[in-house]
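Student: Let the hints inform the model, and build the full structure from the sequences given.
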Amino acid sequence: MPNVSASSKPGSKRSIELAQDMEFQHRNWNAQRIGWVALALVLVAAIAGLWGSGPASNADLAAADGSFRIEYQRFTRFKTPTQLRIRFTPQSVHANEVRVWLAARYALELFPRHVVPMPRLVEAGAHRVTYVFAAEAGRGGHITFDLQPQGIGAVEAQVGVSETALDFRQFVYP
Amino acid sequence: MESVLRALAVYVILLLVFRLSGKRTLSQVTTFDFVLLLIIAEATQQALLGQDYSITNFFLVVCTLLGMDIGLSVLKRTWPRLDLVLEGQPLIIVDNGRPLQEVMDKARVDQDDILTAARELHGLERMDQVKYAVLERSGGISIIPK
Numbered sequence: 330m331p332n333v334s335a336s337s338k339p340g341s342k343r344s345i346e347l348a349q350d351m352e353f354q355h356r357n358w359n360a361q362r363i364g365w366v367a368l369a370l371v372l373v374a375a376i377a378g379l380w381g382s383g384p385a386s387n388a389d390l391a392a393a394d395g396s397f398r399i400e401y402q403r404f405t406r407f408k409t410p411t412q413l414r415i416r417f418t419p420q421s422v423h424a425n426e427v428r429v430w431l432a433a434r435y436a437l438e439l440f441p442r443h444v445v446p447m448p449r450l451v452e453a454g455a456h457r458v459t460y461v462f463a464a465e466a467g468r469g470g471h472i473t474f475d476l477q478p479q480g481i482g483a484v485e486a487q488v489g490v491s492e493t494a495l496d497f498r499q500f501v502y503p
Numbered sequence: 044m045e046s047v048l049r050a051l052a053v054y055v056i057l058l059l060v061f062r063l064s065g066k067r068t069l070s071q072v073t074t075f076d077f078v079l080l081l082i083i084a085e086a087t088q089q090a091l092l093g094q095d096y097s098i099t100n101f102f103l104v105v106c107t108l109l110g111m112d113i114g115l116s117v118l119k120r121t122w123p124r125l126d127l128v129l130e131g132q133p134l135i136i137v138d139n140g141r142p143l144q145e146v147m148d149k150a151r152v153d154q155d156d157i158l159t160a161a162r163e164l165h166g167l168e169r170m171d172q173v174k175y176a177v178l179e180r181s182g183g184i185s186i187i188p189k
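Line by line, the protein sequences are chains A and B. For the first sequence, this note's numbering assigns the number 330 to the initial residue and increments by one for each residue that follows. For the second sequence, this note's numbering assigns the number 44 to the initial residue and increments by one for each residue that follows.
No lab work stands behind these hints, which were simulated from the structure alone. Heads up, the beta-carbon is just placed ideally off N, CA and C, and yes, glycines get one too.
In silico SDA-like links for lysine to any residue, alpha-carbon gap of 25 Å or less: (1) Lys408(A) - Arg49(B); (2) Lys119(B) - Leu57(B); (3) Lys408(A) - Ala52(B); (4) Lys408(A) - Ile98(B).
Covered stretches of chain B (chain A as the covering partner; in silico rule of three or more C-beta atoms under 8 Å from a C-beta of chain A): (5) 44-54; (6) 109-116.
Simulated coverage check for chain A against chain B, where a stretch passes if three residues somewhere in it have a Cβ under 8 Å from a Cβ of chain B: (7) 357-370; (8) 373-381; (9) 408-418.
Tutor: See the structure below:
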């Protein structure tokens, strides 16, 4: 490490036995300033919801035939509960029940831990897990799933009511 | 967003509560003071994490806490008054061997505390060997011997 004096007078020596590398120090301070900017950007992104939980993360989609709409989080985090809400219209209710399903692989990736209200029965299928709820004819309602991501990364999601499906994507942070 | 708000709230609450509780609480004079600090740290953990144990949450909480610290330290350089409000000031409690009783009473420091510091720091025996004693911002007492 060069023994460089920071004094403005060239060749002046200090009595203290301490080597100083001011060039390194200035690079250090510059790196710190850059780090602070990065930190500020991380926090702004967090408040915006890009890391989950916030305006940028809240999403909703409507089915093409208008029979239901969903509200979900675009960005979620590993093993942290996230909600999926399905609002169905009266046209989804048949024989006093509404059939809401999740694609089987989606249910494996975002594991449903609770459903409100409780379904009357649940059908396990090769490609779908179908939840059958009691419903009043001529009236809509909403179903809320409490999901827990079991893996990290992009998730291809598919949910549906009766025979109408909705595809969307979510991302799970570690 | 929730991570940032939680961490912000914890930071501000801790700052306020410790600032209002006065200096001596922080100085860990006794084993109990140390234990109290540990218990408070435990209580803080749940508020910071909530139900979210992901690495992302940890990252955001740490960024928020450090960001607040860095931000405040930069602001203190711009407004020295802020430094006074947030950290307090060192207080002279013994002036030329003479204890300043009103200041000591308000700061909840007694002569025994000063003599303990005098013994530990400089091996002094009596109060009249102390030129100045200062209650530092950390809550500790520094001694300048005669």
